[in-house]
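Residue numbers (our numbering), protein chains in the order written: chain E, 1 to 600; chain Z, 1001 to 1208; chain C, 2001 to 2108; chain H, 3001 to 3268.
Hints listed in this document are in silico derivations from the structure and should not be mistaken for laboratory results. Some hints could be false.
Here are the simulated distance ranges between beta carbons [said to hold, decoys possible]: (1) Gly2076(C) - Leu3094(H): 51 to 59 Å; (2) Gly2076(C) - Ile327(E): 19 to 27 Å; (3) Ile327(E) - Arg2075(C): 48 to 56 Å; (4) Val3159(H) - Lys77(E): 34 to 42 Å; (5) Ala467(E) - Gly2076(C): 18 to 26 Å; (6) Asp3125(H) - Asn270(E): 36 to 44 Å; (7) Glu3241(H) - Pro506(E): 33 to 41 Å; (8) Val272(E) - His1055(Z): 28 to 36 Å; (9) Thr3242(H) - Asp503(E): 52 to 60 Å; (10) Lys77(E) - Ala3123(H): 52 to 60 Å.
Below, a list of computed lysine-lysine pairs in the DSBU-like style, where the Cα atoms sit at most 30 Å apart [to be verified]: (11) Lys175(E) - Lys1117(Z); (12) Lys3083(H) - Lys323(E); (13) Lys3003(H) - Lys3083(H).
Cβ atoms here follow ideal geometry from the backbone N, Cα and C, with glycine treated the same way.
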Amino acid sequence: MNSNTAAPAAAHDHAHAHDHHHHQSFLTKYIFSTDHKVIGIQFLFTIFVTLALGGLLALGVRWQLAYPWSELPIIGKLLWPDQGGQMPAEFYPMLTTMHASVMIFLVIIPALTGAFGNFCIPLQIGARDMAFPTMNMLSYWFMWPALYFFLSSFLVEGGAAAAGWTSYPPLAGIKSAAPGSLNGQTYWLAGLLCVGMSSLLGSINYITTIVKLRTKGMTFFRMPMTTWALFITAILQAFALPVLTAALILQLLDRTMGTSFFVPENLIVNNVEAGPGGGQPLLWQHMFWFYSHPAVYIMILPAMGVVSDVISTFARKPLFGYKPMVIAIASIAGMGFMVWGHHMFQSGMNPALGATFMVSTMLIALPSAVKTFNWLGTLWGSRIQFTTPMLNALAFVSMFVIGGLSGIFMAATPVDIFIHDTYFIVAHIHYVLFGGSLFGFFAGLYYWYPKMFGRQMNEFWGKVHFAGSFICFNLVFFPMHILGMSGFPRRYADPYSFDTWKDAQPLNQMMTIAAVILGFFQIILVANFLISLRRGKKVDGNPWRSNSLEWHTPDVTPGHGNWGAHPPVVVRGPYDFGAPEAAQDGYLGQTENKYPGVKA
Amino acid sequence: MTTVPLPGEAETGPPIPTSKFALWLFLATEIMFFGAFIGAYIVLRSGSNGWPDPHTVLNPLIGTVNTVVLLGSSVTVVLAHAAAVRNELRKAKAYIGFTFLLGLAFLVVKYFEYNAKFHHGIWPGGPATYPGHEHYQPGMNMFASCYFTLTGFHALHMIAGLVVWAGLFFKRLEPRHELSIELTGLYWHFVDLVWIFLFPLFYLLPNK
Amino acid sequence: MSDSISHDTEHAHEPISVKTYSVIGGILVVGTILAFVFAEELELGWTATVFMIFGIASFKAALVALFFMHLKFERGWKYILVVPPVLLLIGLLIALLPDIAFRSYSIG
Amino acid sequence: MNKFWIFLFALVPLGVLGIYFWAHAQGGALWFPAGISEMGEDIDRLFWIILGLTGTIFFGVEALFLWFLFKYDGKGRDGQAVKYTHGNHRLETLWTVIPAGILVFLAVFQFKTWKEIKFRSNAPDVPLHARVTGGQFEWRFRYPGADGRLDTPDDLEAVNVLHVWKDRDIKLQLESRDVVHSFFIPAVRIKQDLVPGMKQLMWFKVTHTDGQPAPDLHEIACAELCGWGHYKMKGRLVVHETEADYRAWLTQALAKQNADQADLGIVE
Ligand code: HEA
Ligand code: HEA
Ligand code: CUA
Ligand SMILES: [Cu+2]
């Protein structure tokens, strides 16, 4: 934020009335900032912390799977001195639960909607800021209590939540059901309510901003895919999240106020009576998945948007099928509300209802097919530049296809009978969430870094990080499909006590080693990110020669108000690369006022 | 950097006031929130093994009176806004005051209703059973769970509304506050709408 | 928060008179009392009672939304925001029926 | 250098093939456990069909992807024209309709299997073979005694062993004592969550024991997280060749149960 332009007078008649301090203190400028770019960057820094946390928890999981009941390296002796540093059985589910919760709610969602949403939306639509900057700031600050609740839950009596990130009652609801359900689960619920608050504030803000604050000429169908995806994601969130909030509140009341929404009659868990009951455990599952299935699309759609932008830019070619791409995103979102039951095929749900969900789940693969083929179409006849953002975006495509296709197996209800709750699911999760969302995040990070900081991340180390992550990722997670075929159940602290799976340990050891190396490669990412802040190659305002509006700010890193005296006027779509009137390298910015057919 | 738009460029952004748009969006999320609660209540009640007869646990007359009180507060809200539009700010303030008082009256009645429940041992996990109807125990418990949760969250929303009304009441009203009154009013009507359904759902709906 | 004064025409004037508001308020009150009478004083049987009380509730809700919340007089974009959640909720409720509403749980 | 990246991406389909054949060769824990039931064969067949379809799609997509990366590598082609197109209506329709066809086919095709396995109307008309109760962290099986009816004094209670016999429709009632569990017999390819307060039905038929030397090798696992000991809910499925064998075992176990009343007949 070096070039903080003095707020021009013209900014005042724009729809943002918050005042401009010419001499902002460090506190208001970087900490309690209401500037969307600063908030986006704050999200980004936070995510590195949470990613490390979630990853370390994953490594704990991996250690147990490779060498069960042996001393946990480095910290084992510190944590459990009387057990020879070996993790107790009740700790394992805490690890998986908190690993998934951190990764989903504190890494992927804030990374894509929080960091990119904040940074990109106003820039890509030519706005000076979000519609409600203060609300935006609050949305960031709700992340911290969430992180606090998650972290401190490890310290409370009984330990952290241990009922899986899906937190099915009665295991999650009854205090005597598991050590982690004693107190940790309450912290988990509180943390999630904070994340929910953050997302809700964010999504209302994004929708309003995109509907209201687009600059002149920025019609809906001239918005870049990133903004489109974030827009639809925000709608998805606004409609799905309240149901999760309601469910979380019901479980919280069950745990603290003696209600029994999810507690059946006459339940006795671990010799403790659970009260009169009268509730129904399946109700939670329905309400949870009514949110959490849309949530998985909340975690993939923005990445799809980012990847579309990146691929088009580095293929130097218009995005193939822009409108079908938008329609595909919209229909994924719409259909996303009709498939939640596919997580409950074996839950005791009415099987006829299951068959309905099976059909809708099959159909939701269609818009994803459209997207995949359009990406391929974009590559066709293009001129590909293998930059770091592009490599990550390409990885997204090839990994998402694997993750998506494995979804088809599970959508087939009879096959799901066998692979449900096995490592086949775990493989699917990571191919879509790591191979998809996280590689999409990497792509966006390398891509927008110059706009954020005026410098480029080191390309060499970026490529090292990419290659390492790509290889190790596949080594860790592809074998999980095979494990799943053998029925290897998930959330098992020690699967090798079964004859059926005892031979799978060497494979798991290989996967664990790969996971550790994968972790080391992420350190390269963090180091590259931090060092490039000071040392990175200085670049001009549009190093990638990109078309979309965010690259057309008057300053290299846009200052407060983004656009100087005059907001930009958009005259064309974001993907006119290689048009006849475009520049030699294909560039034709959204504000370039050139008449069609006139050669550059 | 940019020049004039090409001929035929449209203004973007529909002519909707930003904050009003956001408020309606917020109300949409609130619809989902209360809708989830109400849906859960409906299915839990119809799947229950023995739901207490509403007459034995609630007094429909009090519910009716309270509904009328709340509807009255909605009327005073629109009157406050109408006055504000006509720039009769003192009158607007008076109506806001009435709204506040009616809302408060509703909550006071709720307080006494809650108290009466507690008195009879009706709270989530409470001891209340009916002689000869021991199988009501889980039903009674579920009733208490749903009743307190749904009306409780409705009451919390009212309290939030009352705080805003109080803020407006003690402010020096100016013509520009007309928008604030309208938006707060929209919220208030929404809370009223929720109650319009909670009332028959809890007080009137007979057991099958 | 953003725009303090909006130049939108939507609420520049009040579409309805005070008198109309009072009449609608009156109808709402009468409706409430009617619902009470149907449910408590008349013995209509379950289906008819349910039909009446929720019919009245929906009618009241429609009045509040249309008149008090100005839906009848203002532009229709609000429906884009509030109709989808209502549809989603109906979907959720329908899906909940077979699993929870039509099934009794008890151990033993 | 660009060729390196293309090679890297090409490693994915190659690796997928490689691990497929490697795992196939390993057998054992890295492949389907030997299937012993009729419905298991249906499920496996469906799996293979889907694998065939998705595999074809996968390799097709990968082939195009790699070919494009190779062919349209921008190295040394600065300034060359690209295909300036914003899309193609025909293609969009094509690649919507064909996958739609495949997916609808899959949806319809599998429906029968699903119905046979889970719709209660398809439950075989036989008396309950046993009641399964999941609890932290064990399976309890209650078999009807000589009277063929459950919940009579002559019932047999067994922990963690399910005895059945071959070619017989086995109908089980599933219940949970505390939290949600999931009754999973990998060899039978069957899985059903146990929800406290609900009574589930499950049925299957063991048709072949695959020449297993030890017929009681088939394990039962819990597939829904149920607490710290989730991984410990290991049970066994013992398949008797004939009903007579099964009856013999039952009589013997009952006798043992009567002998030590104190203990609830933990057989083995
Ligand atoms: C980003 C996250 C994300 C995404 C995008 C998806 C996408 C999909 N998911 Fe996934 N899913 C999860 C995250 C995600 N999922 C998570 C986290 C879980 C586990 C939760 C838990 O229990 O902990 C889960 C679990 C899960 C289950 C439950 C399994 C079980 O527990 O038994 C099912 C079942 O149907 C499923 C299906 C699908 C399908 C059909 C898609 C589809 O949208 C995929 C569509 C994409 C393609 C199909 C590929 C591209 C298309 C082509 C190349 C065209 C041609 C293809 C065909 C014609 C087939 N998912
Ligand atoms: C976005 C989501 C996401 C991501 C990125 C990951 C990433 C990883 N996951 Fe996770 N996972 C889930 C979402 C995710 N996971 C979900 C939803 C579940 C289901 C949980 C449930 O059952 O409830 C799950 C479950 C799950 C399991 C199954 C557990 C079980 O069922 O028993 C396993 C097992 O191997 C696993 C492993 C890993 C590994 C090795 C990584 C690795 O990729 C992690 C690699 C990253 C690191 C190791 C970071 C290291 C970085 C540093 C150390 C930097 C140092 C720091 C600084 C210098 C600041 N995950
Ligand atoms: Cu029982 Cu897991
Ligand atoms: Cu899903």
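Verification of the hints:
1. Gly2076(C) - Leu3094(H): 51 to 59 Å: 38 Å, violated
2. Gly2076(C) - Ile327(E): 19 to 27 Å: 23 Å, holds
3. Ile327(E) - Arg2075(C): 48 to 56 Å: 26 Å, violated
4. Val3159(H) - Lys77(E): 34 to 42 Å: Taking Cβ atoms as reference, Val3159(H) and Lys77(E) lie about 37 Å apart, which means the hint holds.
5. Ala467(E) - Gly2076(C): 18 to 26 Å: Since the Cβ atoms of Ala467(E) and Gly2076(C) sit about 54 Å apart, the hinted range of 18 to 26 Å is violated.
6. Asp3125(H) - Asn270(E): 36 to 44 Å: Roughly 38 Å apart at Cβ, these two residues keep to the hinted range, so it holds.
7. Glu3241(H) - Pro506(E): 33 to 41 Å: 35 Å, holds
8. Val272(E) - His1055(Z): 28 to 36 Å: 35 Å Cβ-Cβ, so the 28 to 36 Å window holds.
9. Thr3242(H) - Asp503(E): 52 to 60 Å: 32 Å, violated
10. Lys77(E) - Ala3123(H): 52 to 60 Å: Roughly 54 Å apart at Cβ, these two residues keep to the hinted range, so it holds.
11. Lys175(E) - Lys1117(Z): Distance ~27 Å between Lys175(E) and Lys1117(Z) Cα, so the pair holds.
12. Lys3083(H) - Lys323(E): OK: Lys3083(H) and Lys323(E) at ~18 Å, within 30 Å.
13. Lys3003(H) - Lys3083(H): 22 Å, holds
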